[in-house]
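These protein sequences, in sequence, are chains A and B. For what it's worth, the working numbering labels the leading residue of the first sequence as 103, then goes sequentially. For what it's worth, the working numbering labels the leading residue of the second sequence as 44, then goes sequentially.
Treat the hints loosely; a few may be bogus.
EDC-like mimics (lysine to aspartate or glutamate), calculated; alpha carbons at most 20 Å apart, straight line [claimed, not checked]:
#1 444(B) to 297(A)
#2 214(A) to 475(B)
#3 171(A) to 114(A)
#4 444(B) to 310(B)
#5 225(B) to 305(B)
#6 193(B) to 146(B)
Because the hints were derived from the structure by calculation, they are not lab data.
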Amino acid sequence: MSALFDGQPLTELVFLPTVAALILLLFPERRSREAKIFAIAASLAEFALSIPLWTRFNVVSGGFQFVEKADWIPALGISYIVGIDGISLVLILLTTILTPVSLLYSLTHVEKSARAFSIAFLVLETGVIGTLVALDLALFYVFWEVMLVPMYFIIGIWGGSRRIYAAMKFFLFTMAGSLLMFLAILYLAIRHHAETGRWSFLLADLALVSYPTMAIETVLFLAFALAFAIKVPVFPLHTWLPDAHTEAPTAGSIILAGILLKLGVYGYLRFALPLFPDAATRFAPWLGVLGVIGVVYGALVAYAQKDMKRLVAYSSVSHLGLVVIGIGAFTGAAMTGAVLQMVNHGLSTGALFLLVGVLYERRHTREIADYGGIAGVVPITTGLFLVATFSSIGLPGLNGFIGEFLILLGTWTSDHRWWAVAAATGVVLSAIYMLSLVQRVFWGPLTHEENRRIPEIRGTELVAAGALVLLMIWIGVRPNYFLDRLRPSVEEIRRSVELRKTAQRAPVAVRPAAGVRP
Amino acid sequence: MSFVTFGPRELAAAAPEIVLAAAGCVMILLDAFAPSSRRWLATLSLAAIAASSWFLIQAPIGTSFSSRYETSDLTVAAGLFAAATAAIATLVAKPYLRRTGEERGEFYALLLWGHLGVSLMVRGLDLLVVFIGLETLSLSFYVLAAFFRKIPASSEAGLKYFLTGAFASAFTLYGIALLFGKSGSVRIAALSRPDLATDPLVTFALLLLLVGFGFKMSLAPFHAWAPDVYQGMPTPAVAYLSVAPKGASLIVLFRVLAAVFESGMPDRFRAGIAALAILSMSLGNVVALAQRDIKRLLAYSGIAHMGYVAIALAVFGREALAAVIVYFFAYVVSNAGAFAAVSALYRDETKPHPVGLLAGEGRRSPFPSAVLALCLFSLAGIPATAGFIGKFFVFKAAIEKELYALAIIGIVNSLVSIGYYLKIVYVLYMRDPVGDELPPALAPADRLALLLCGAGILVLGIFPATLWDLARRAAASLPLGP
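So that you can see chain B by itself, here it is in the shape it has in the complex (with noise of 0.2 Å):
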């Protein structure tokens, strides 16, 4: 039994949270007894998201609390695209709480505690340090969900979410401690024993954890609360939501997965993954081509692209884990691109945002048209958009891996998938607009987070090479196979 020193070595490691804990702190506060300063809560949102990466990239690489809590090269890139979607998300909400006349402090609040939330599960070594991360995480963005009180639909939002994410947070608990009593320690590095990996206590304890992190990432079949809460749900949040969490979960069990399984994924466990990852894609994309609704839409084509990731769990090595990092930062750009242009398009946040609603603003808001154009397309993955370049990653390991016939049904299914984001270009460049109210002005925020969206799908989908270095050095970070 070893005690928790806190040193200076501790505190460096540690001092991204830190920032982000007590900032959420200012935030409440700032709100409470300064309520004049709430314009600049955004801006001082924006400075700690900054500040916590600096810290990040700052920190000494290696292990501290103790081998709890880890640096390296992986969770600097898992940081950083949090933080690039915490960024992408506080500017937008700037404009979108103003907009709905609630601009209070407790939403940048929840984000930043949330985003901690997702901090702490990608540095934690110790499975309890992660399960804090993910109820720090899942709380928040339990409120965050019920944000709109009065709207009906948002608290149903708030209490489906609540209801559904309580009953996965147990799954993992009990896969916790199933794998407690089996190793005798909660610390991921002590599942790296021979006679676990075959164990099949042990198998039954990663299916549950499966589920667990499965739910977070919207992973079909533990998906069914998504379309209903992103709907529901203030879209800022969701843009954060959407990528950030998908990520951090799909790290959580690439650690654990790497821990156990040293010597190679056993087929069975492979076969379970890929057909989880088969059902994610089909059941995604089929449905979201019925989608009226665009926040439903894109929670769809969220299940079908973490289809996609779960191939690479299922390559599970190096490549794949470097495919994943590439994909997720992919998707930063993509899907929290797509969720801004959506708040910037829709005028009443309060009501439903069918997709119709949309019809000729390609002509009429040319620019946040253009960036949701673009981020469909990249979605799509259609080259010269990172969205390709994530694809191309998690389809390259697949096949490395000779698991044709799952890179065939990937491809068939980003296929299918072509068919419901046309859809939305079609309804943007291709219809006549319904009404003739004139569109708001675009505020400054929203411009800069989609200026940024669209700048860095193209940048990464022409210029990949430093992100594919990064990514394999992040990945390299993990005891993996190649």
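If we strip away everything but chain A, and leave its shape as in the complex, we get (with noise of 0.2 Å):
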């Protein structure tokens, strides 16, 4: 068995999912209950893939790990290299849990051409962990876009009734970002060339350009930033979270909330910092602001909210906001803070979204209004979603807790001591809005005479939250074993930056490149 996991445990990773996709492609269209069953097979077989890395990670080390490299275009210097760090590995593993968690829920609900929804979770799974493990610009920006054609399908496919609209949106805001993105990492590579006379696309390699104004560095890293903000989504390009996350089936917002917001703040952490670190220290403040608005507007509107699905989404706009304020403080504990804050977010808005598709495939209607009392007929249900909604206000003891705590005392230490206090009323907030929430679904009078026979969660249902709650538990109570992974993989990006900006306003480079430069 460990064998196995000797030779390419990333490449592994990156592409049974693809492979097993591939398989899929060779069912019969009918057999939809096969299919779906392999397709859950498949992700936990990726899952415990994923668990080697874990146990096997060295906690000690900031640096990349299970490094793997290979030529792909020698040409251009471009090569398929992989690597992790603390930061992608917490996040793979919240992949590599969330897909078999969708892919569970979906067994009973979806219907049409199950196959092919099942081959899109798939080789959705291939590309959020590409993206997580790429430490090659041009292969990070393969993966990058390859997630948004299976994502488009399955909100378009599988949507709600304004499904369309939210598919396109959602495709043409991400790749509006990105496209910029994409010309901004040729001309580093351009440059790099000039520089050294040498082809290379590597992460490592480009944080080495220096720029020959302040102008071009600013200009490069809003073009990142601009992608990576989209994704976030940082006020005010989030108007395509709310359309896409309410309309994509349930499966799919769980994805979509769970991982793929997530990937913004991860490509500005490990890219846009490092490769900008002076105009990214500039213009955090702005970040920091940004991500203000974001907690307090997000929050806001989420209260205002008579959509249960629309309510959650918004809620994702407020707790990245606090992630966004985490990162833009850097201090080390504010952002460990965010980047646990991220899979907290993970956990808690995953089982919100999933417990709202529970009550919407046996309500059909997503309208608070319509619900009232239902504690009583589905006392699980109600269990679950209380636990998730306390994970997501951050009672202390769960998950929750421990980021948005680290994220206020890291922002409080730092330069910008505001924040914190305005980031400590998005957490107030947040507690307003989703007690409002359970108080009109789950408790007071039961006002509508359908809502007497819900019928409680099912089986694979209750497996598929029941494994979300557990983990909100286990962070809450032992976030140490959590938190040892990030600390020194934060602390390698800081360092890298305040390098880096040293080295800029000193001409003597820190590390020169072994006598190619001129």
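Fit the two chains together into the complex; they arrive one by one in their own frames, and the hints show the way.
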């Protein structure tokens, strides 16, 4: 068994879902249940593959581990190079957990072309994991864009009534950001070639490029930042999110909110910070301000929603705003908290979308007003929803608390103390809108006759939601088990940014590239 | 004045074209005297294309016919993508012609002769050889456009294409005449004189050539024929016309400009080409958004793509030419593939091809729909497809030459283009079928063509290293700067 993982664990991890998707193509179209079960099995195998990464990960090191490298387009120095640090590790685990969870949920819910649905999910998983492990900018860009295609189909084919609009908006918004990033990547590689006479798209090489003027660095930084900010999404680029999340099928919303949004923050940490340290430092205050606006705005708009799913969608804008504040504050605690908070948000929002989906499948309405007092009818669902809500609003003992606390603490000790104040109001607001949602849906008198006979959560749904709830409690009780893997990597990123900043101020290169530079 | 000698070297050099010319004649004769052989014509035609490609690869590198004819990595590369297009068109043509009841030898013969013209254009080192190639190509396709004699739209397409095409050829010929007058020779190599690069009359002649070949490329503003002609012309012929002649025209332009502007393209001239590129991209993409007929939509998409390619012409250099070659290989599988899928998906060839008719085909005919969607994603330039690789190298070349504005306008345009490509994907997969008649079974030849295109898109998109090396070797055949 272990011999299997000694070879190329990351490559296996990236392409296992694609191989499974190709096998699924051979399934007869009508065998939809078998196709779904096969996809779940494949995603569980993928999860099993990801566990050794976690256990064998060197906790002390902040650098990249399990690195594999192969030539891809040698003439341009484009290579297939993959590796992970603590940040990618936790997000990979989040992906390999949320994918089987959403497929498990879909087992009883997706009827239309289930085979194609499963294929789309598996291809999406390859795209996400590829994005998280790629250390070459061209490779990263390919995976980054490839993710869009299956998601477009997932929203467009299996989504709600306004799915076409939502799918198109999602695709065009995301594409708009990344195309400019594509030009910026090309510019960086060409600049690197001009400086060293050698072609390379490696992150490690391109991070050594020096920019002729601050203006150029700023423009390039903005091209990257725009792509990532749209994905997160940072206010005011968030308008695609409520549509996409609301119209996507439940499983799609789980992946979209649970994983895809995080890739924006991940990209910022992995690429924008090390590549453009000066510009990133200069723009950090703006980022923080946008984060603060996102926190408050998202919370207020969420409070005003009449549709449960839309409410959860807007809560993502608010929660991700908090993450953005943590990144902008740039202290160790805040950034570590921000990364952990991404995982927490993935779990809690994933669970919330899942449970909203459970209710929707039974009552075919997402209007909050159509529910009320169903706690007695569906006690298990109610219990799970409560835990997810408490996790989402940061109740101590659950995962959300750890992340929020670290972000607030880290922001308070940074230069931007007032952000912490604003962020704290967001935490309070989240309690208001989430608890009011719980109250209006589950408590109170049972006003609608139809609600008396809502069936209770089923086996597969329970397993899917239960897994997420267990993780929420685990992270809440043993946060250091997770934080230990994050801290060195976060410190490594902060260190490289600080180094680069000083390196540019003083023309003496701190890390000269082995005599190639003139 | 040198006399053309004809020896074994010339025979080896011209063998690819001789095979094509002869095979075309054989098609006509077989059709006339042995009608029962009609069902073998497509196979024979494919064999002729394969044989011609084989001779092309085997031909000794160098010039022949007293330096009027070239065999180089460039002509091999261009010949190969043209041959690939011709092969796809022939594969698609067989079931298409059978469905329409027009399975006749002329179609294959004209296609082969058109392909012969493309080959001459690419390999000619003499402007007259190039012009004869251009006319061979044009005349064959004027007839192909009007292939369905009984359908008014087809006759209209033929007539329109002929009238405008003849007009454009006159521009080309006038340009050639002026160049001849200035340089005293019709050889392209004779244009490499320092005084010619700055001569206003030569610049004027080059602009005339740009009009003539721009017309063949359907580069805006010389594009107006394309939508009407594509709509009326048999789809397999469009699959060829929309790719190979465009690539050949671009290579001719590169060849001539490389000779005249040995020391680099003047900024004014570059600005002119850049303007054409911007116009072509923007006009093609915006107008395509409003199209309802898929062949017209693909025509406008083609106009936009020629705009991207014209960016490379404006960049001008070895890297740019290599980018163009990669782009056209990608364009063969994506665009010819898209037309192949259109040919397989529409039942009634004689009627217009509204996009709406594809509703729900994703479930009814999964394979052609999937290939069409893949082709559209490739045309849109989504990574992991061939189309992305083409755009990657074009934009890389543009940024290397610091033409940032052109790159940014290009990238904004590809965002616009996603709008209409996705519209087709949406109709295929996210709308319910209109009628309940089941689609006809997919012909084996169609299946093979679609499989080749689909596989080509993914293979070129995921493993582009070999193609890039080939393109770079090919681009080194012209005397271009980096």
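Now for the hints, and whether the structure bears them out:
The straight-line distance between the Cα atoms of residue 444(B) and residue 297(A) is roughly 15 Å, inside the 20 Å bound, and the hint therefore holds. As the CA atoms of residue 214(A) and residue 475(B) are separated by approximately 12 Å, the hinted pair is consistent with the 20 Å bound. Between residue 171(A) and residue 114(A) the CA atoms are separated by roughly 13 Å; this keeps the pair inside 20 Å, and the hint holds. For the given pair, residue 444(B) sits about 12 Å from residue 310(B) by alpha-carbon distance, which is consistent with the 20 Å threshold.
Of the supplied pair hints, the one linking residue 225(B) and residue 305(B) holds, its CA atoms being roughly 17 Å apart against a limit of 20 Å. With a CA separation close to 15 Å, the supplied pair residue 193(B) and residue 146(B) stays within the 20 Å bound.
Violated hints are absent here; each numbered hint is respected by the structure.
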